[in-house]
Structure formats: C-alpha cells, structure tokens
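Counting along the sequence shown from 1, when you hit position 188 you're at 187 in numbering that gives the first Met the number 0, and nothing is skipped either side.
Hints may contain errors.
Cβ pair distances, simulated, as ranges [to be verified]:
1) Ser157 <-> Gln104: 18 to 24 Å
2) Met184 <-> Asp150: 46 to 52 Å
3) Arg41 <-> Glu160: 17 to 23 Å
4) Gln151 <-> Ala116: 41 to 47 Å
Subject to a maximum C-alpha distance of 20 Å in a straight line, what follows is the list of computed SDA-like cross-link-like pairs (lysine to any residue) [claimed, not checked]:
5) Lys174 <-> Ser24
6) Lys172 <-> Thr38
7) Lys172 <-> Lys117
8) Lys117 <-> Val7
9) Lys130 <-> Glu58
10) Lys161 <-> Glu149
11) Lys130 <-> Met184
12) Lys117 <-> Lys174
13) Lys130 <-> Lys172
14) Lys172 <-> Asn55
15) Lys172 <-> Phe148
16) Lys130 <-> Ser179
17) Lys161 <-> Arg99
18) Lys172 <-> Arg143
Honestly, the hints are just simulated from the structure, not real lab data. Think of the CB as a built atom: it goes at the ideal place given N, C-alpha and C, for glycine as much as any other residue.
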Amino acid sequence: MTEVQETVVPVSLTLSTSAPICYGSGEPPFIVTTTNQCTTERSICALLYSFPHTCNGVEVRDPERNNRRIGPVSTCMEDDTPDPELDRQKLFQHETELVRLDPGQIHRTSYTFSIVAKVHGLRHSDIRVLKDGNSYQLTLREQRWWWMFEDQMPADCSDKEKREILSKQPVTKWKPECSSEFTYMMSSG
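Build out the structure end to end from the sequences listed, making use of the hints.
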C-alpha cells in the first residue's frame, strides 16, 4: 500500500484590490494585491513561481459567462523551440522569487491592470472584453512553491545556493480559494 503524503501549504493567502471599481481610463490604476502570510511555526525559505507572463497569476472570471476565465492577457508569445532543460533553468532563474518568511510574516505581490495592448500591440489589453457596468470576480491560478524550513538549510548559504537547494525540493501546488469582486466602468465621469 502506498502512503499518500498530505501537502502542507506554508501560507494563508488573500486577494484584494486598490478600489472596488476598475476604470477603462486607467485612472486611478486598478491594482490587485496578493498577500501571503506564513502559517508555519518555524521560518521558511521558498521559491515562489511568480507568473511573470501571466499577470502574477490573477484571473478574471465572468459570472455572466458561467464564471469562465476571461483575462487578464498574457505578455508572452509561444516558444518555438521547447527544451525541457532550458525551460527548467528559465523557471528557477527568472520566473521564481526567493523569499524568507518568519512565522506570521507577510509577503505581497501586486499586479496593475493594463489598459493598453501588450507585446508591441500583438496582445490585447487586460480590459478589452470587460463590459461597462458589469461585475467580475478575481481569483488566482494554482500556486507553486518550492519551500523548506530555514533551519534545515546549511548555514550561510548564498541566494544562489538557496535557489539551487529549493529547486530540488518537491513542489507544493494548491489552488487558492480566495477571491475578490470588482465592477468595470468605461469612464470615471
């Protein structure tokens, strides 16, 4: 019989917005903030997948479309030459953030909605499909953390060494159940 190990999620997660309304003019900027609070009893070190090309993992869901995901829009184009080893190196060098959290400590990330086209105009803005006066729900993509308790790491590790050690840890994945709502208005006037 195979023993199933329960996934331990080291943080609680909340999602908030800078305002209850996102304006099509971009003024004031509409900012979504993700707050991670360490829930372990010991300090941790972690590599957080930061969703660099997918809006920090923010998803907009439309209640009028059966809660289907409708945006924000990615800022990357297809990779023509997929190479698993290069993808792995890219992931751990450029697409993760190294953090250290004490018990109860908070780490925040934020994303500002784009009102203009992305990737030199090849991709639409984040607000293109939003309808004036409609309400939307914000959720987060599945989270991916490579983490361990800080006291399990060798003393005096450099950040590069910490990244290497953490990249060899099993990934902790979970779909956060937090959400936030906002209304889209074409103009603020």
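_Next pair to validate is Lys130 with Ser179; report whether the Cα-Cα distance is within 20 Å._
holds, 18 Å
*Pair hint outcome, Lys172 versus Asn55 [Cα-Cα no greater than 20 Å]*: Holds, because 15 Å separates the two Cα atoms, which is no more than 20 Å.
*CA of Lys172 to CA of Phe148, is that 20 Å or under?*
Status holds; Cα separation ~17 Å.
*Holds or violated: are the alpha carbons of Lys117 and Val7 at most 20 Å from each other?*
violated, 37 Å
*If you draw a straight line from the CA of Lys172 to the CA of Thr38, is it 20 Å or shorter?*
With Cα atoms ~16 Å apart, Lys172 and Thr38 stay inside 20 Å; holds.
*Quick one, are Lys172 and Arg143 close enough, alpha carbons at most 20 Å?*
holds, 5 Å
*Would the pair Lys130 and Glu58 pass a check requiring their Cα atoms to be no farther apart than 20 Å?*
holds, 16 Å
*asked:* Against the 20 Å threshold, does the CA-CA distance of Lys161 and Arg99 hold or violate the hint?
replied: Distance ~10 Å between Lys161 and Arg99 Cα, so the pair holds.
*asked:* With the threshold set at 20 Å, check whether the alpha-carbon distance from Lys117 to Lys174 stays at or below it.
replied: violated, 27 Å
*Below or equal to 20 Å on CA atoms is what counts here, so check Lys130 against Met184.*
The given pair, whose Cα atoms are some 8 Å apart, holds under the 20 Å limit.
*Taking 17 to 23 Å as the hint, is the beta-carbon distance of Arg41 and Glu160 inside that range?*
holds, 20 Å
*Given a hinted range of 46 to 52 Å, is it respected by the beta-carbon distance of Met184 and Asp150?*
holds, 50 Å
The structure fails to meet hints 5, 7, 8, 12, 13 from the earlier list, while all remaining hints are met.
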